[in-house]
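Novice: Put together the whole structure using the sequences plus the hints.
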Amino acid sequence: MMMNKSEFVYAIYIRTTPEQLWSALTSTDFMKQYWFGMHFQTDWKTGSSWRLVFADGRIADTGEIVEVDPPRRLVLKWRNDFRPELKSEGYARCTIDLEPMAGAVKLTITHVMDCAESKFIAAVANGWPRILSNLKSLLETGEILLKMPEAVG
Amino acid sequence: MKDENDKVFKALADSSRRLLLDRLYAGNGQTLTELCEDLDMTRQAVSQHLEVLEAANLITTVWRGREKFHYLNPVPLQEIYERWIKKFERPRLSALHKLKKRLEGDDDE
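Line by line, the protein sequences give chains E and C. The first sequence: position 138 = 138 (our numbering), numbered continuously. The second sequence: position 80 = 80 (our numbering), numbered continuously.
In case anyone wonders, no lab produced these hints; they're calculated from the structure. Don't be surprised by glycine CBs; every beta carbon is placed ideally from N, CA and C. Some hints here could point you the wrong way.
[Said to hold, decoys possible] If you only want the chain E side, here are some residues facing chain C, beta carbon under 8 angstroms, derived:
#1 4
#2 7
#3 11
#4 130
#5 133
Specialist: Pasting the structure below:
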């Protein structure tokens with residue numbers, strides 16, 4: 001076990017092509033449909049900065065594009081921007097890998113922070129499964145299962 | 001889709017495999033040797049259970065040098081949650097919401 005870092009590795013198989021999946025990951029309008037209204041603002045070039053923006057325009061997260069290799073690999077430096085206790089942990093690294101399989105693409109998300117018990121990693125670890133599940137549903141059926149997170153009480 | 005869910009349910013229908021998932025939840029990114037510690041299972045049995053879990057996409061693996069690390073992958077569980085559980089929860093959540101409003105003296109329900 002790596003105690004000096006926090007990380008997760010999530011994978012999902014989506015019946016689509018690497019090109020379509022890449023486009024879904026990087027196009028603003030498509031992203032808004034499965035990322036709970038949020039979207040990335042960036043030119044997707046190596047070394048460029050990026051911002052993840054809420055539907056109402058507030059900034060959720062920011063970072064830098066470390067590597068872009070369409071339609072195979074995207075590496076991002078990633079920092080939370082709206083929760084001080086997460087922002088103070090600094091930058092995490094997110095690697096997104098696309099591997100074509102028979103009739104599908106394996107999408108792997110690896111998120112790593114160089115500290116034990118990272119609160120940021122715990123927070124994104126919770127969010128990614130819903131986003132990935134929405135993305136799969138949207139690409140395979142054209143619909144999403146889960147709309148906005150439901151506020152109760 | 002049907003096939004994928006079958007694999008997930010079958011993989012979960014075994015207490016040893018659920019135990020391995022619990023151990024990965026407690027400590028993500030473990031080698032086979034680490035996962036075998038303090039378990040009443042042979043290394044080979046653990047290895048076979050891990051293969052079933054990986055085929056169901058409930059764990060992901062990463063090679064670093066000559067070591068293979070295992071990670072918990074909750075994404076298939078999320079899909080099952082959305083398909084099989086969430087829809088049954090909605091009426092209950094709505095009932096709780098009404099109860100809270102009533103108890104807190106909010107009259108507009």
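Novice: Would you list, in rising numerical order, the hints stated earlier that this structure does not obey?
Specialist: 1
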